[in-house]
Amino acid sequence: MAMVVLKVALYILLAPVLGGLMEGLDRVVSARMQGRQGPPLLQPFYDVYKLLAKQTTVVNSIQILFVIAYLIFTIFTGSLFFGGGDMLLVFFALSMSEVMMVLAAYSTNGPYSALGANRELLQMMCYEPMILLVAIGFYEANGSFMVSELAAAQNPAVFKIPGMLIGFIFILTIKFRKSPFDMSTSHHAHQEMVKGLTSDISGSNLAFYEIAEWYDQVLMMGIVAMFFISKNPVSIVVAIVMCVIFYLMETLIDNVFPRVKYITMLISSWVVILVTAGTNLLILSVLN
Amino acid sequence: MKISKSPWVLHYDGSSCNGCDIEVLATMTPLYDVERFGIINTGNPKHADILLLTGGINAQTAPVVRQLYNQMPDPKVVIACGICSCDGGIFKECYNILGGSDKVVPVDVYVPGCAVRPEALIDGVVKALAILEEKRVKVKESMKQGYCTVDYSKIAVRMKAEDYDPATQYDEVLTEEALREQAEAKIAQTAKPAPKPAPKPVAPAAAPKEGGNA
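Protein sequence lines, in the order shown, are assigned to chains A and B.
The letter at position 151 of the first sequence is residue 151 when you use our numbering, and the numbering goes up by one with no holes.
Remember, our numbering sits 1000 above the position in the second sequence when you count from 1.
Be careful, since some hints might not be right.
[Said to hold, decoys possible] Listed below are the simulated SDA-like cross-link pairs for lysine to any residue, each with C-alpha atoms no more than 20 Å apart in a straight line:
no., chain 1, residue 1, chain 2, residue 2
1, B, K1005, A, P180
2, B, K1140, A, V17
3, B, K1002, A, P180
4, A, K261, A, L132
5, B, K1005, A, P233
6, B, K1103, B, K1138
7, B, K1005, A, P40
8, B, K1135, A, Y49
9, B, K1140, A, Q55
10, B, K1005, A, V17
11, B, K1138, A, D26
Since the hints were made in silico from the structure, they are not lab data.
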């Protein structure tokens, strides 16, 4: 029990630091790919500090509640995962946090926010099936939904569910708001809907949103690491190396691809999910 | 840690010839790479700290500029880029040109040039960052007193056509000092609902604005 509390406390304290550094690294690497020097590594922290110091203009006071609920639910989701909780519960709580952000955008009544919220719902439609399949895949591979038991498995799950990993990496691009699929809002300066989801969120509310995104990124990388972790302590090193590789791959994808239309995203993500994760699940259930 | 390490810029073209706008965009390219200083060109006034204005501002863009200025959260800085934005430039005598950004919103930094050089622009933004820090301290102080520096209701932009009257709309610049005075007057009014007893007829020359009591 004390171990679980320690793990959750470590997640709550360290995840924003790690998430901010990951985003800073992403911006530096992106800049180098474009042949420029780029911002300092700590730039995301400067941004959030500035946002906290700014005046917060609020369109509809309920949006404060929703943005803070988004942050709290994201932390709750991550705590469940890193505390060794139920994989299914983790993913349901994750959907809940996303819904909070959509509600925050809808509550402002702004045209750009509402469009961003619509697109965010579409994005959720694209990645939710895969996220559920990942939980089922882990169960089929190692016989448990509990993260604590999955982490102590005999063999890394990736041996049994490589298709799930490919599908999950594909939807990770949507989840990280990277370029082919950054429709609802993006980390880049301009897009056709101003800032989409976060258009009407300013000051400290935007800072809370950024911090929640950091927690979310760390959680997503944690799920990627779950594919490689087993009883063997060497697997932790392997998992960290694979996380770094996949994260840098996302940065490369972000810089290479232009934004696609929603229908392309919907079709491609469902086809990829069906082909990789679906086939994988089918073979597993036949073998078992 | 200073907030000036992450200035987000909003760029608006107030009837310029587009020369300065091209230079503003050139500043964002990998050659000058202003992201080194954390500067991001955001399209959203609600996320912006610095308003970059180009052009001499005409009657149609003036309400838009005020709207953008009002939507930006405090502390904020306005930079006039190019000679047209500073005082009207070669378009100064045109019938529809108001003659500079400072006819519409309070400007903090003037960057001259036709068109403005990216180096000068970067220098102007760096100057603006120092002002941003100063303003942040001011906003903090005024927040402690219970009100914000800018009373948004006082500078509501008149967008309707029937409200348009050049004589009343653009003649005076609403500086932050003036806005703060207005806010203080408003607070003084609401704080004391009881009317003052005696000295009402004594000071007729002082302030014609403070006629009504609540």
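Hint check:
no. : hint                : verdict
1   : K1005(B) x P180(A)  : violated, 30 Å
2   : K1140(B) x V17(A)   : violated, 27 Å
3   : K1002(B) x P180(A)  : violated, 34 Å
4   : K261(A) x L132(A)   : violated, 24 Å
5   : K1005(B) x P233(A)  : violated, 41 Å
6   : K1103(B) x K1138(B) : violated, 24 Å
7   : K1005(B) x P40(A)   : holds, 10 Å
8   : K1135(B) x Y49(A)   : holds, 16 Å
9   : K1140(B) x Q55(A)   : holds, 9 Å
10  : K1005(B) x V17(A)   : holds, 18 Å
11  : K1138(B) x D26(A)   : violated, 35 Å
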